[in-house]
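This is what each chain is made of:
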Amino acid sequence: MARITAGLATSHVPAIGAAIDNGKTDEPYWRKVLDGYQWTQAWIAREKPDVVIVVYNDHASAFDMNLIPTFAIGCAETFAPADEGWGPRPVPIVENNADLAWHIAQSCILDEFDMTMVSGITVDHGLTVPLSLMFGQPDAWPCKVVPLAVNVVTYPPPSGNRCWRLGEAIARAVASFPEDLNVQIWGTGGMSHQLQGARAGLINQPWDKAFLDDLTNDPERLRRMSHIEYLREAGSEGIELVMWLIMRGALGPDVRELHRHYHVPASNTAVGHIVLEKHP
Amino acid sequence: MMTDIHAYLAEFDDIPGTRVFTAARARKGYWLNQFCMSLMKPQNRDRWKADETAYLTDWPMSVAQKAALLARDYDRLLELGGNIYFLAKVFSTDGLSFVQAVSTMTGMSVEDYKAMMIAGGRSPVGIRSRTEDR
Numbered sequence: 022m023a024r025i026t027a028g029l030a031t032s033h034v035p036a037i038g039a040a041i042d043n044g045k046t047d048e049p050y051w052r053k054v055l056d057g058y059q060w061t062q063a064w065i066a067r068e069k070p071d072v073v074i075v076v077y078n079d080h081a082s083a084f085d086m087n088l089i090p091t092f093a094i095g096c097a098e099t100f101a102p103a104d105e106g107w108g109p110r111p112v113p114i115v116e117n118n119a120d121l122a123w124h125i126a127q128s129c130i131l132d133e134f135d136m137t138m139v140s141g142i143t144v145d146h147g148l149t150v151p152l153s154l155m156f157g158q159p160d161a162w163p164c165k166v167v168p169l170a171v172n173v174v175t176y177p178p179p180s181g182n183r184c185w186r187l188g189e190a191i192a193r194a195v196a197s198f199p200e201d202l203n204v205q206i207w208g209t210g211g212m213s214h215q216l217q218g219a220r221a222g223l224i225n226q227p228w229d230k231a232f233l234d235d236l237t238n239d240p241e242r243l244r245r246m247s248h249i250e251y252l253r254e255a256g257s258e259g260i261e262l263v264m265w266l267i268m269r270g271a272l273g274p275d276v277r278e279l280h281r282h283y284h285v286p287a288s289n290t291a292v293g294h295i296v297l298e299k300h301p
Numbered sequence: 385m386m387t388d389i390h391a392y393l394a395e396f397d398d399i400p401g402t403r404v405f406t407a408a409r410a411r412k413g414y415w416l417n418q419f420c421m422s423l424m425k426p427q428n429r430d431r432w433k434a435d436e437t438a439y440l441t442d443w444p445m446s447v448a449q450k451a452a453l454l455a456r457d458y459d460r461l462l463e464l465g466g467n468i469y470f471l472a473k474v475f476s477t478d479g480l481s482f483v484q485a486v487s488t489m490t491g492m493s494v495e496d497y498k499a500m501m502i503a504g505g506r507s508p509v510g511i512r513s514r515t516e517d518r
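If you're matching them up, the sequences are chains A and B in order.
For the first sequence, the residue numbers in this note's numbering are 22 to 301.
For the second sequence, the residue numbers in this note's numbering are 385 to 518.
Be careful, since some hints might not be right.
Unchecked claim - Subject to a maximum C-alpha distance of 25 Å in a straight line, what follows is the list of computed BS3-like cross-link-like pairs (lysine-lysine):
#1 A:K230 / B:K498
#2 B:K498 / A:K53
#3 A:K165 / A:K69
#4 A:K299 / A:K69
#5 B:K498 / A:K45
In short, the hints are calculated from the structure, not lab data.
Computed from a predicted structure; not experimentally measured.
Using the sequences plus the hints, can you model the full thing?
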């Protein structure tokens, strides 16, 4: 049977993708961001997941104001990188495990999570920057990727508790997939950042660090956190952190922190990264 | 437990220097944001760059929205229903990064804004709440 073995979370700042794509990774500014991912690159090369479920948000790339799904699962065979205004990122096509994606979609709907199934979409930096951070610049991504897009742009986004419970439902769905697969789930976005108005540039390091701590110490606090707290404390775009709770919910009660990295800044954003191992 | 949508939305106005992208703003900015999406196609970017005013005649936006777009007044565009991820198509077409575009809303120079970020970013102290002054 398929099983979720580990989860990780990471920021998905577009400028990180641009730095990697444009060969700027040796610049001291970017080394401070990227060095914290070397541990994870070595770890994931050993773990060799068959599939990663990447929870991300689309940034007005595939979904515009005509269509705003709260939870959309990518069910096509492949997804190309999006042209976000400066041409598509020069990264490999994302290959899905469409059998698993459709299985998760169907199972979650019967489990009372009314997923939107999407096929003809491109995937933007929210999904491709985490892949670059964990896998570098291969000719093809070394595993299958199930895209799971969450609306965190048009209010209201889903609550943290709803995200947590979706994670639990995804874990149940994966556990009932008959193929023997090592599956990881990644939560992306965050940490504190605000990209608008007079408060732009807001960073809250103590709050971010407490969020990282409580993924293991007190996940119930995170699960109950209101949107207004994210907005006040972590900036208007800090709300992306609700997506980390889908990952955390999918791992179950008992997890161990394997690695973490925190650095300010990448562009406008506090970069946070954590790797969590699921205990049976 | 049911969350009261009126109380939920009202709290957002208590955050200084922040416009949360609520349904009301999304409705007001519908065509502005859809215009921004059109710039994801290279041929549209070329048309826009060749004659911005002419390109805008195709879009049913308010005079104020069109003027703010031509002026690249991002703070005003947020006020008029724009969302930063949609507006990113405009400043990306101009060849600007998020740091360059976002800093224009803060009253700081790009250099000062970058220096603030490298020094750890803007502190949340004093800008969490208008009413509670914390």
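Outcome of the hint check:
1. This hinted pair checks out: K230 (chain A) and K498 (chain B) have alpha carbons roughly 22 Å apart, not beyond 25 Å.
2. With a CA separation close to 16 Å, the supplied pair K498 (chain B) and K53 (chain A) stays within the 25 Å bound.
3. Among the hinted pairs, K165 (chain A) with K69 (chain A) is consistent with the structure: their alpha-carbon atoms are about 11 Å apart, no more than 25 Å.
4. For the given pair, K299 (chain A) sits about 16 Å from K69 (chain A) by alpha-carbon distance, which is consistent with the 25 Å threshold.
5. For the hint linking K498 (chain B) to K45 (chain A), the alpha-carbon distance of about 18 Å falls within 25 Å, and the restraint holds.
In terms of the numbered hints stated before, the structure departs from none.
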